[in-house]
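Participant: Build out the structure end to end from the sequences listed, making use of the hints.
Next come the chains, spelled out residue by residue.
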Amino acid sequence: MTFPFDIALVWLDLAGVFFFAVSGSLLAARKQFDFVGSLLLASLVSLGGGVIRDIILNSVPAAFTNPAYLVPPVLATVLVYFLFSSVQRYTSLLVLFDAGGLALFCITGTLKALTLGMNPFAAVLLGRTTAVGGGLLRDITANEVPQLFDARDLYALPAFSGAALTAVLWVTGTFNAATACAVAAVVFAFRVVAWRRSWYIPLAVRGWQRSEARSGEWHTRS
Amino acid sequence: MTFPFDIALVWLDLAGVFFFAVSGSLLAARKQFDFVGSLLLASLVSLGGGVIRDIILNSVPAAFTNPAYLVPPVLATVLVYFLFSSVQRYTSLLVLFDAGGLALFCITGTLKALTLGMNPFAAVLLGRTTAVGGGLLRDITANEVPQLFDARDLYALPAFSGAALTAVLWVTGTFNAATACAVAAVVFAFRVVAWRRSWYIPLAVRGWQRSEARSGEWHTRS
Amino acid sequence: MTFPFDIALVWLDLAGVFFFAVSGSLLAARKQFDFVGSLLLASLVSLGGGVIRDIILNSVPAAFTNPAYLVPPVLATVLVYFLFSSVQRYTSLLVLFDAGGLALFCITGTLKALTLGMNPFAAVLLGRTTAVGGGLLRDITANEVPQLFDARDLYALPAFSGAALTAVLWVTGTFNAATACAVAAVVFAFRVVAWRRSWYIPLAVRGWQRSEARSGEWHTRS
Numbered sequence: 001m002t003f004p005f006d007i008a009l010v011w012l013d014l015a016g017v018f019f020f021a022v023s024g025s026l027l028a029a030r031k032q033f034d035f036v037g038s039l040l041l042a043s044l045v046s047l048g049g050g051v052i053r054d055i056i057l058n059s060v061p062a063a064f065t066n067p068a069y070l071v072p073p074v075l076a077t078v079l080v081y082f083l084f085s086s087v088q089r090y091t092s093l094l095v096l097f098d099a100g101g102l103a104l105f106c107i108t109g110t111l112k113a114l115t116l117g118m119n120p121f122a123a124v125l126l127g128r129t130t131a132v133g134g135g136l137l138r139d140i141t142a143n144e145v146p147q148l149f150d151a152r153d154l155y156a157l158p159a160f161s162g163a164a165l166t167a168v169l170w171v172t173g174t175f176n177a178a179t180a181c182a183v184a185a186v187v188f189a190f191r192v193v194a195w196r197r198s199w200y201i202p203l204a205v206r207g208w209q210r211s212e213a214r215s216g217e218w219h220t221r222s
Numbered sequence: 001m002t003f004p005f006d007i008a009l010v011w012l013d014l015a016g017v018f019f020f021a022v023s024g025s026l027l028a029a030r031k032q033f034d035f036v037g038s039l040l041l042a043s044l045v046s047l048g049g050g051v052i053r054d055i056i057l058n059s060v061p062a063a064f065t066n067p068a069y070l071v072p073p074v075l076a077t078v079l080v081y082f083l084f085s086s087v088q089r090y091t092s093l094l095v096l097f098d099a100g101g102l103a104l105f106c107i108t109g110t111l112k113a114l115t116l117g118m119n120p121f122a123a124v125l126l127g128r129t130t131a132v133g134g135g136l137l138r139d140i141t142a143n144e145v146p147q148l149f150d151a152r153d154l155y156a157l158p159a160f161s162g163a164a165l166t167a168v169l170w171v172t173g174t175f176n177a178a179t180a181c182a183v184a185a186v187v188f189a190f191r192v193v194a195w196r197r198s199w200y201i202p203l204a205v206r207g208w209q210r211s212e213a214r215s216g217e218w219h220t221r222s
Numbered sequence: 001m002t003f004p005f006d007i008a009l010v011w012l013d014l015a016g017v018f019f020f021a022v023s024g025s026l027l028a029a030r031k032q033f034d035f036v037g038s039l040l041l042a043s044l045v046s047l048g049g050g051v052i053r054d055i056i057l058n059s060v061p062a063a064f065t066n067p068a069y070l071v072p073p074v075l076a077t078v079l080v081y082f083l084f085s086s087v088q089r090y091t092s093l094l095v096l097f098d099a100g101g102l103a104l105f106c107i108t109g110t111l112k113a114l115t116l117g118m119n120p121f122a123a124v125l126l127g128r129t130t131a132v133g134g135g136l137l138r139d140i141t142a143n144e145v146p147q148l149f150d151a152r153d154l155y156a157l158p159a160f161s162g163a164a165l166t167a168v169l170w171v172t173g174t175f176n177a178a179t180a181c182a183v184a185a186v187v188f189a190f191r192v193v194a195w196r197r198s199w200y201i202p203l204a205v206r207g208w209q210r211s212e213a214r215s216g217e218w219h220t221r222s
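These protein sequence lines are chains A, B and C, in that order. Under our numbering, read the first sequence as residues 1 to 222, first letter to last. Under our numbering, read the second sequence as residues 1 to 222, first letter to last. Under our numbering, read the third sequence as residues 1 to 222, first letter to last.
A few of these clues could be false.
DSSO-like mimics (lysine-lysine), calculated; alpha carbons at most 27 Å apart, straight line [claimed, not checked]:
| # | chain 1 | residue 1 | chain 2 | residue 2 |
| --- | --- | --- | --- | --- |
| 1 | C | LYS31 | B | LYS31 |
| 2 | C | LYS31 | A | LYS31 |
| 3 | B | LYS31 | A | LYS31 |
I should point out that these hints are in silico values taken from the structure, not numbers from a laboratory.
Facilitator: This is the structure in structure tokens:
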């Protein structure tokens, strides 16, 4: 395979880190955290998923050895500090950046597990864990019920689909820059359209109904 | 020792995984999570304790390498989806399944640490961590004060007793299938009876009184 | 270098563990946890930061191999049980002990990373993570917005400064018992004075104002 996985992996990973970092800084802004709190939440959400992945893969986390991983959180914090001003655009922006991070991380997480020799099944699980892990840490830390479990929103399904597609492409030998971009686009579109159109899946118990209407603002649920 | 520890360990572990997975799906049902959220919470609570244990033991977590570990969460989610219907039985069911998982995990966690060469003291700590870790993750993720810290309920003490008994049996060379079952039964009974009879231990400060009566429903506390 | 890093490191670490353990037991007392819950929260907050550090450094956590690490949480729980009685002194006591733990952990975390061969940049990050990790776990577990993100309080900045100072002293070869004490004193003073004088840094978005006055009691924020 002539596709330079290592370099492409790092760049994709860094882009995903940036997207998640912006989502962290936006949440910090809304929660009235200060500048340092914004930087910390941006770092936690953007680097947390990868750190969990690397710990499970039993390797020293890239975020602690490669200083390049610290640029995106700093950049995101500064951008949100200077450019963000309106609360109106808040939810849409957060969902868009979060979806971007999700789309890239389910690919890079799965790829890293595959290149380190895990079987495709475990790699899909680890890819999904990488993708949803950062957002889970973000919401737990900000003391909210994680977006991941919001029944009014699809979150885990796009990540899982992306990880599964990546593993299938890898096993069939058709993974390359073009197909990777296609997978990222599909996951991003799936996530955003599901949010826009309020796609649901059944609740955890058959026959139970949702007791609340979708509020359109996932931060207001108690 | 002719007792096949590795195989028995995996089966006991899988049974514990199933019990905790049911408790996760039940909490997901009560919290109105959707089907995928139920699967994720079931996975987190049932596999989380073991993943923490394996990460501390510096080995790649079994849950990510042995696909058998994914059957119990799926099974539990499907069972709760089709069979659960009444909120009345909710608390009792959750406590029973949670106690079952606790009883098995404090044994398997301690055993795995002992077989990997840790000293009995550290093994007891790791066994207790394995047993309470999944439930802790479940409650933190669902944004509640963990059951572990509920002063109206004994939770950590049964787990600690079970881990200590397992270590004593191992050190004295009397650990086998029969004594393992006895330990599991003792821990399970201890946990359930303590819950039923409202056994207390003193609060964190001498002379302070409990300000609330036991509500019987540990999910309603703020 | 004739300064015995390993032994000094363990003693400093144990002192930091004790300070954080007291802060955990104090929070447990205030939250009406029972005696075992107090012990568990004290263990989590005092050992959690170091366990995270050791897992990231890919070594088996000292807390699980060296039984000496279990003495401070037990001691702290017993002390709080017998000696603590007044809610009035609660906040000041918690901030003081928390500041003591913070001051020592940012040094020991950075040192351990440096002695294991990480570059100074990564060591500073890991030192800061060690120092704030335990408190973050404490607040997440007790279901609060972490103190770390409280915009009315400086928390991460002293930890970061201490880790950076430690790394500079190490790199310039001037790290010894005297300079270590100086760094600890600076971090402790920085943290406590910032809390007393209500020092602020800007919020995450330029131009946004704090909507609440400082309440002086960081547990009352919603």
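Participant: For each hint given before, does the structure comply? Return the numbers of the non-compliant ones in rising order.
Facilitator: none
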